[in-house]
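Asks: Just need the whole structure built from these sequences, with the hints factored in.
Listed below are the residues making up each chain.
Number of protein chains: 2
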Amino acid sequence: MVKAKKWILAAEFAGEPKDSNFKLVEEDLRALKDGEIICDAVYLSVDPYMRAHVFPVGSCIIGEQVARVTESKNADYPVGCLVQMYSGWRSRTLINAANKTATEAVHLLKVTDLGKLEPSLALGILGMPGMTAYFGFLELCQPKAGETVLVNGAAGAVGSAVGQIAKIKGCKVIGFAGSKEKCDWVKSLGFDHVFNYKEADINKSLKEAAPDGIDCYFDNVGGSFTSKALQHMKEFGRISVCGGISVYNDTKPALTPDAFMTILSQQLRVEGFIVTRWWNRFPEGKAVMKKWIDEGKIKYRETVKEGFENMPQIFMSLLKGANIGKMIVKA
Amino acid sequence: MVKAKKWILAAEFAGEPKDSNFKLVEEDLRALKDGEIICDAVYLSVDPYMRAHVFPVGSCIIGEQVARVTESKNADYPVGCLVQMYSGWRSRTLINAANKTATEAVHLLKVTDLGKLEPSLALGILGMPGMTAYFGFLELCQPKAGETVLVNGAAGAVGSAVGQIAKIKGCKVIGFAGSKEKCDWVKSLGFDHVFNYKEADINKSLKEAAPDGIDCYFDNVGGSFTSKALQHMKEFGRISVCGGISVYNDTKPALTPDAFMTILSQQLRVEGFIVTRWWNRFPEGKAVMKKWIDEGKIKYRETVKEGFENMPQIFMSLLKGANIGKMIVKA
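Sequence order for the protein chains is A and B.
Using my numbering, read the first sequence as starting at 119 and increasing by one per residue.
Using my numbering, read the second sequence as starting at 119 and increasing by one per residue.
Label-pair ranges, simulated between beta-carbon atoms: (1) Asn314(A) to Ala132(B): 35 to 45 Å; (2) Glu353(B) to Ser177(A): 19 to 29 Å; (3) Arg395(B) to Asp330(A): 11 to 21 Å.
Covered stretches of chain B (in silico footprint by chain A; criterion: 3 or more residues with CB under 8 Å from a CB of chain A, positions within the stretch not fixed): (4) 335–344; (5) 350–362; (6) 372–379; (7) 388–398.
These are calculated hints, taken from the structure and not from any lab test.
The beta carbon of each residue, even a glycine, is placed where N, CA and C say it ideally should be.
Replies: If you want it as structure tokens, here you go:
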């Protein structure tokens with residue numbers, strides 16, 4: 119009998135996640151049937167969206183991982199082959215790789231075409247966060263050369279990619295991040311203006327960096343940052359609402375100045391999205407991002423922490439901004 | 119020397135408009151030069167947007183009117199011909215109808231193609247409010263047959279048209295208006311559910327009328343109505359932000375529950391607009407609306423009040439909901 123571990127939600131999140139929200143449980147995996155495989159986690163993803171997602175107490179905490187096949191009764195997935203899947207915070211997963219329904223549920227994919235790149239990138243710049251930046255920015259903001267783009271969470275996995283894509287598209291890019299080290303890195307990526315939101319006056323910074331206003335705003339942060347940013351949008355500006363890390367821990371919706379009158383007077387288009395709407399186009403997005411990486415046009419960074427047992431702590435540190443680039447847990 | 123009267127802004131609006139915001143002044147019109155005409159106001163439009171518009175103290179209050187040419191030095195605009203133009207709250211206007219720039223500034227048009235219909239409709243269902251409904255709803259909400267549409271201000275010039283267009287497109291339509299008489303009329307237009315927002319519990323009404331949620335929301339009202347409506351939007355819902363009559367008199371932006379997290383989690387698309395973005399397509403929109411009126415598919419109503427001297431009072435009553443359908447001032 120093979121043992122596996124998983125992190126389950128022990129109590130619903132309320133405010134900042136704490137140790138008591140998480141429980142590590144062990145389970146026995148049964149013997150494999152035809153078509154099934156067992157995979158051992160190699161890299162696990164922790165992402166801010168996990169805080170916002172609502173799922174039942176007692177269920178495994180959601181998330182994607184890169185795993186290696188360690189037992190196989192499926193010739194298409196031999197032992198040693200690398201896969202990625204949304205199997206949650208599990209050290210070891212038994213899955214029927216031949217069953218289309220089961221496979222779709224966890225979006226099982228082989229990790230391929232990375233060349234010399236680390237497989238962890240399948241969870242970052244060449245995975246969900248990269249696609250979030252690629253589609254969420256290009257499809258919803260529809261940036262044009264010469265336009266001014268604002269992105270917050272600019273040192274995160276998504277924000278750092280958005281700003282670089284905007285530069286590739288010929289835009290002027292303004293980024294906000296939360297420490298000097300982060301700002302220095304973001305600046306090195308080619309952003310035109312970078313501010314530390316913990317120190318800078320946001321209104322003053324935006325007025326200085328975008329005196330004529332902002333055409334595209336890619337929002338990872340929400341809350342009071344967004345209320346301020348809204349006042350700097352140009353007529354016909356586009357806002358892609360990707361996340362709200364500043365408000366995920368709020369226990370009820372904060373009161374903010376009415377956004378709709380600004381949306382009206384400036385004729386803004388504001389759209390929220392979850393990246394899975396573009397699942398079918400991921401191969402296209404990954405191919406373009408891979409090409410840009412190979413050409414040196416997109417740079418990335420990972421913050422790799424060790425230990426499946428440490429996942430709750432690593433996740434909680436992520437929500438406090440401990441990462442530069444993509445936060446990865448090495449199992 | 120021909121005399122003319124105009125209403126100017128005597129003091130910036132602050133809170134509810136009051137008599138002291140308006141001043142009636144007389145002016146002398148000079149003799150006509152080649153290409154110029156003088157037109158006498160026949161019908162003047164008062165619309166909620168006039169409250170939201172910011173313009174300098176001392177200038178003529180903005181607005182469109184239907185006027186009759188009473189003197190002419192332009193063969194294209196003979197005496198007796200009807201025009202419409204954004205010349206503001208003026209009893210009599212001198213304008214160079216041959217000067218493209220001047221003409222564009224006030225969007226001078228001949229009133230034509232109305233058949234047996236009253237020329238005042240050029241300010242309503244076949245004019246700006248009708249086009250606001252037609253383009254603002256169809257272009258931004260992109261309704262599909264079978265979808266559920268919510269519109270507030272449903273007894274107004276715009277809202278009543280939006281609901282009927284939605285019915286033509288095969289949607290289920292929920293309307294909110296502010297009196298029994300208004301609700302009865304809106305119901306007679308074919309809306310599926312109509313509620314009096316002054317008496318009904320908005321959340322309960324929406325839950326009852328749209329148990330599966332709202333696909334398209336056409337917002338004329340803003341404020342707390344919108345905060346509630348947001349919670350009933352279906353995933354991938356579209357919101358067309360047309361107006362905010364409930365908040366126009368606010369002296370500073372009200373605090374409302376953060377809309378962005380709902381926009382995110384439901385993947386909503388919210389777009390504000392000013393109808394002038396579709397100027398070039400007005401002929402197309404007017405032709406379709408005219409056809410629908412001729413076929414009996416679109417009904418309209420006007421609240422006609424008399425007296426150029428009474429414009430401020432009529433406008434103030436409009437902001438308090440005194441109109442059913444389009445509010446018109448007969449000069």
